[in-house]
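S.K.: Please build the complete structure, drawing on both the sequences and the hints.
Chain by chain, the residues:
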Amino acid sequence: MVMISIAYPISAAQVGGRGGDADSPASIKKEILRMEDTRDRALLRRDTATLDHLFADDMAWTSPNGEVLTKSQILSNLKTGKETFPSIVHNNVQLHIYQNTAVVFGITTSRVFYNGSFRNKPRRFTNVWVRRDGEWKLVDHQVTLIGH
Amino acid sequence: MRRGLLLLLLTNVLVSLAGAQSVTTKDNAVIETEKKEVLMVENEVNKALLAGDTNVLSRIYADDLSYTNQVGEILTKSQVLSGFKTGNIRLPTLGRRQIRLYAYENTVVLTGISTSTLRYKGVVTNRPRRFSNVYVRQNGQWKLVAHTVTEIAE
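Chains as they are written, first to last, in numbering that gives the first Met the number 0: chain A, 0 to 147; chain B, 0 to 153.
Since the hints were made in silico from the structure, they are not lab data. Take the hints with a grain of salt, since some may be wrong.
As the list claims (entries may be wrong) - Simulated crosslink set (DSS-like; lysine-lysine; CA at most 27 Å straight-line):
1) B/K34 <-> B/K84
2) A/K81 <-> A/K120
3) A/K70 <-> B/K46
4) B/K120 <-> B/K76
5) B/K120 <-> A/K136
6) B/K34 <-> B/K76
7) A/K70 <-> A/K81
8) B/K46 <-> B/K34
9) B/K120 <-> B/K84
10) A/K136 <-> A/K70
11) A/K29 <-> A/K70
12) A/K28 <-> A/K81
13) A/K28 <-> B/K120
14) B/K142 <-> B/K46
15) A/K136 <-> A/K29
16) A/K136 <-> A/K81
17) B/K35 <-> B/K46
18) B/K34 <-> B/K142
19) A/K136 <-> B/K142
20) A/K120 <-> A/K78
21) B/K76 <-> B/K46
22) A/K120 <-> B/K120
23) A/K70 <-> B/K35
24) A/K136 <-> B/K34
25) B/K76 <-> B/K142
26) A/K29 <-> B/K76
27) A/K29 <-> B/K35
28) A/K28 <-> B/K35
29) B/K84 <-> B/K46
30) A/K136 <-> A/K28
M.R.: Okay, here's the thing in structure tokens:
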């Protein structure tokens, strides 16, 4: 099950820039939400080929326990089953867009299995997407436990 | 004729390689410059945090800054500035290590570990925390658009 509720306060001034429909606030917003949805579905299915394409090679992935993982570590964990996402649920998702950079943040209550234990406590997450050569890549992901 | 054609092809390849190299060198130079600029801005932020200088923070923080603190609260720019003004947020000491920068043309992500002493709403913590700061260049100025903190589990 993928449940995503979305609120995105984007102003034209924040987006500025190159002109054309592909760079309109609505188009960028739509594109980023599509990328987020693709990422979530790939995590659910442990589809490492799709994630390999979405993640920047130098992506930093900070877990709620403060551990920083590289792209290859995340992909390896998914392949071996060390980390799985039985369900993904995000709430209060917001987007801030700055031309070729998008910051997505919200609350996740996704069920995550990692290193032998499950977690589904509410966590804040921040995803940073950067457009390079016309393609959006996830460059930074960080999760913080709420009320820890 | 054939030798002339081969020479022309070879010249074209060499010119292409030289062009590609100059683009790469230029890109690397831009990346290094961006990293240096952001380090200087980060240094300004650090000094302002210690001094509680909200004028400097106000200038560098983007108006729509998303600031996720160590307890998972998300604060706006005005809430952070107000916190410093009222004394709800204080950084008596500042410690940073393992700083890394990732530059992506007009965007720089700076990550590291903070061991700063932080007083927030009367609670003092100096446990190591992972942090990431996202800077975006807007109208020629580097602005902090996202700050995220995660406590490192013991």
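S.K.: All hints, please: hold or fail.
M.R.: Do the hints match the structure? See the list:
1. B/K34 <-> B/K84: 30 Å, violated
2. A/K81 <-> A/K120: 19 Å, holds
3. A/K70 <-> B/K46: 33 Å, violated
4. B/K120 <-> B/K76: Answer holds: B/K120 to B/K76 is near 17 Å, not above 27 Å.
5. B/K120 <-> A/K136: 37 Å, violated
6. B/K34 <-> B/K76: 24 Å, holds
7. A/K70 <-> A/K81: Given pair A/K70, A/K81 holds - Cα atoms ~14 Å apart, limit 27 Å.
8. B/K46 <-> B/K34: OK: B/K46 and B/K34 at ~18 Å, within 27 Å.
9. B/K120 <-> B/K84: 13 Å, holds
10. A/K136 <-> A/K70: 12 Å, holds
11. A/K29 <-> A/K70: 25 Å, holds
12. A/K28 <-> A/K81: 33 Å, violated
13. A/K28 <-> B/K120: 35 Å, violated
14. B/K142 <-> B/K46: 16 Å, holds
15. A/K136 <-> A/K29: 15 Å, holds
16. A/K136 <-> A/K81: Distance of about 24 Å is within 27 Å: holds.
17. B/K35 <-> B/K46: Satisfied, since the Cα-Cα distance of roughly 17 Å is no more than 27 Å.
18. B/K34 <-> B/K142: 13 Å, holds
19. A/K136 <-> B/K142: Distance ~21 Å between A/K136 and B/K142 Cα, so the pair holds.
20. A/K120 <-> A/K78: At roughly 24 Å apart (the allowed maximum being 27 Å), A/K78 and A/K120 satisfy the hint.
21. B/K76 <-> B/K46: Given pair B/K76, B/K46 holds - Cα atoms ~18 Å apart, limit 27 Å.
22. A/K120 <-> B/K120: With a Cα-Cα distance of about 23 Å, the restraint between A/K120 and B/K120 holds, given a limit of 27 Å.
23. A/K70 <-> B/K35: 25 Å, holds
24. A/K136 <-> B/K34: 20 Å, holds
25. B/K76 <-> B/K142: 12 Å, holds
26. A/K29 <-> B/K76: 26 Å, holds
27. A/K29 <-> B/K35: Cα-Cα ~34 Å, so violated.
28. A/K28 <-> B/K35: 31 Å, violated
29. B/K84 <-> B/K46: 16 Å, holds
30. A/K136 <-> A/K28: 14 Å, holds
In summary, the structure is inconsistent with hints 1, 3, 5, 12, 13, 27, 28 from the numbered list given earlier, while agreeing with the others.
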